[in-house]
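Visitor: The chain contents come next:
There are 2 protein chains.
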Amino acid sequence: MEYRISDKMKDMKPSAIREIFKALADPTIISFAAGNPAPESFPVADLSRISADIFRDSSTAALQYSITEGYPALRQDVIDRLSTRFGIGRDFDMTIITSGGQQGIELLCKTMCNEGDVVICENPSFIGALNAFRSCGAQTVGVELEEDGVNIEALEATIKANPNAKILYLIPTFQNPAGTCMSLEKRKAALALAKKYNLLILEDNPYGELRFAGEEIPTIKSMDEDGVVVYSGSYSKVLSAGMRIGFICGPEPVVQKMVVAKQVEDVHTNIFFQMLCHRYIAECDMDAHIEGIRALYRRKCGLMLSELDQHMPDCVKYTRPEGGLFIWCTLPDNIDQGLFVKKAMEKKVAVVPGQAFNCDTAAPSQCFRINYSTPSDEQIIAGVGYLADAVKAML
Amino acid sequence: MEYRISDKMKDMKPSAIREIFKALADPTIISFAAGNPAPESFPVADLSRISADIFRDSSTAALQYSITEGYPALRQDVIDRLSTRFGIGRDFDMTIITSGGQQGIELLCKTMCNEGDVVICENPSFIGALNAFRSCGAQTVGVELEEDGVNIEALEATIKANPNAKILYLIPTFQNPAGTCMSLEKRKAALALAKKYNLLILEDNPYGELRFAGEEIPTIKSMDEDGVVVYSGSYSKVLSAGMRIGFICGPEPVVQKMVVAKQVEDVHTNIFFQMLCHRYIAECDMDAHIEGIRALYRRKCGLMLSELDQHMPDCVKYTRPEGGLFIWCTLPDNIDQGLFVKKAMEKKVAVVPGQAFNCDTAAPSQCFRINYSTPSDEQIIAGVGYLADAVKAML
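Protein sequences appear in the order of chains A and B. Residue 1 is where the first sequence starts when you use my numbering, and the numbers rise one by one after that. Residue 1 is where the second sequence starts when you use my numbering, and the numbers rise one by one after that.
So that you can see chain A by itself, here it is in the shape it has in the complex (with noise of 0.2 Å):
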């Protein structure tokens, strides 16, 4: 049997990312790879008690066939909490439910191009959404990434370049992977070109209530009066990773589509888990939960910080996060990236090699992503320390 896979399917690999993960079968390695958020975040003990109750009133309701959109009430909680939280949400928006960021990433991607389109990156970019857009059959073209978000001239060059550009996709607070926040003006500046060039920008936040530091930037959807952004969220680093569970709020006749094109792909999201969401939020004091992870993660991230300030060669510059889950190095030049990442490994350190984020998977890179949420205490002091120990080795 000859298998004929199809041209946008064929090419494809498992993310870089994935192949690390098989590695870190082995127990004695320290994982700076993954983008796990911390185990302490999940609410075991209300999320436990409230599943018992759903169990004991609504077992029926909670183990049916339910409705593509997502459940009514979380779908409330989720317009609400837009709303004063973020300012987002105007009458020619929709709110639906998605099986984590990723499958609203996707069904956008799906519901607005054609084999061939364009959707217009950050470069470096998430891998999750660049693999989904070319699983799409979508080319993914890349715009420089700076300290404040996308060079502005180069996006509008890019998209006068790409005429069967339909997508814009920008991760504006706590870029990942380079950890950037865009500047108020350059998110302006980018809403007015999608607005010009009749483009929809796909704003992807997950990790918008991990602000540990600084002033918070309003969001591109906050500013949104004319459709022109969809807005992607999840509680995988507030409430449960594992339990799939994101939302899409963007102009309604965009996410009407995208409502068939979910039904298709899994009728709808575990029913359950958005039961057990909502009634967290009515329950459960969510900012004072949220509120726990930031100061979680600024310590975290702080620990990090100063073990690369005391240990790393200065040759090795590196970000200084003020949220998100993520610090992003680049090495000097004299350093061979590739086999940095193969001296770490050897060194039983996992970190993901920039060039896996990188729009054209071909280009090299300088950079390498590492992750202070998932490994503990104990294991970021031992691991920036291999780290610096493999960089001092090959200088």
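There are no misleading hints in this set.
Within a straight-line C-alpha distance of at most 30 Å, the following computed DSS-like cross-link-like pairs (lysine-lysine) qualify:
| no. | chain 1 | residue 1 | chain 2 | residue 2 |
| --- | --- | --- | --- | --- |
| 1 | B | 342 | B | 13 |
| 2 | B | 317 | B | 347 |
| 3 | B | 13 | B | 348 |
| 4 | B | 10 | A | 196 |
| 5 | B | 13 | A | 195 |
| 6 | A | 10 | A | 342 |
| 7 | A | 342 | A | 13 |
| 8 | B | 196 | A | 10 |
| 9 | B | 342 | B | 392 |
| 10 | A | 392 | A | 343 |
| 11 | A | 10 | B | 195 |
| 12 | A | 10 | B | 10 |
| 13 | B | 347 | B | 392 |
| 14 | B | 342 | B | 317 |
| 15 | B | 195 | A | 13 |
| 16 | B | 392 | B | 348 |
| 17 | A | 348 | A | 392 |
| 18 | A | 13 | A | 343 |
| 19 | B | 343 | B | 317 |
| 20 | B | 10 | A | 195 |
| 21 | A | 348 | A | 13 |
| 22 | B | 317 | B | 392 |
| 23 | A | 392 | A | 342 |
| 24 | B | 160 | A | 10 |
| 25 | A | 196 | A | 160 |
| 26 | B | 10 | A | 160 |
| 27 | B | 348 | B | 317 |
No wet-lab data here; the hints were simulated from the structure. Given the structure is predicted, the values throughout are model-derived calculations rather than measurements.
Chain A is fixed; fit chain B onto it per the hints.
Guide: Then chain B, alone, in the frame of chain A:
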């Protein structure tokens, strides 16, 4: 803002069944339109007890990100049951967990089909699958369904006429909507044709465990020695539909690509419920539980058939199912089917008009589908009476 929806999605509409569901918000309506399992089929007490155990002893793993292929112990459960119960699985096969049977169908189409490629289907067929194929930009081409499965000569002619056909989609056991079972001879013939013309068969078997009368017929996958068949199954009809857990067993090169496609759709299926399924299978008597569901549906189907036998005019023909959830009814030519469906709704009985299941949605139908798993006994008795009245009033 002008929204430039993709070609594949722009003409897609929510399924007709969905639209009927909206009318069901009226609690006085008797719904024969759903395909929901009976709530009595959910083993609530066991699931509740095991859920508490998972929160107590494995909460981190149950709430954290997991791997795309699925929870290893549950994959092994699926492999074991497919092998012992159905004789399914060879060395070349790989088994993964999906977010319901629906996701496996969509993933296979995305993995195999370029826009414009053809999926050959039984006509009529499952609307969720037809829409999944359309959402991938594939064309659905129907082959007439007979009482013992598709006409094999017509199938070969259709394959020859469509060299860009990639998938042959079949529901050989308790076909949805027609309730028919494909004969062993036709199963063998379809397998031989797929092999001859290098076409994958997608064997969809959500109801395979729900036989309550007649003799079991081997699945096509159990006869697949060449990696021609991708088999789709689900726990929706035996444990819980709302949890969204299904599985795929097929040739490894194809299923590996489906894993990549799944990764960018939802990363993985809700891991808590995957663990719950595994523990249910390990700790409880799944065979006895399924035997109970079979007895329930044998009784409910028998009740609906006996009411039809007593009250429905002879000019209406209907199937006598040996399993599954549906009875498929055919009106005489002198009754306008659209008008009948409308009159039934006026009498507060919802049925699904047959054209919803046509590959060519513009083609007319004299048929309608009714369900016996969801309504109560009282609703079955009253609803069949109203349907009979509606027919009599139109004679």
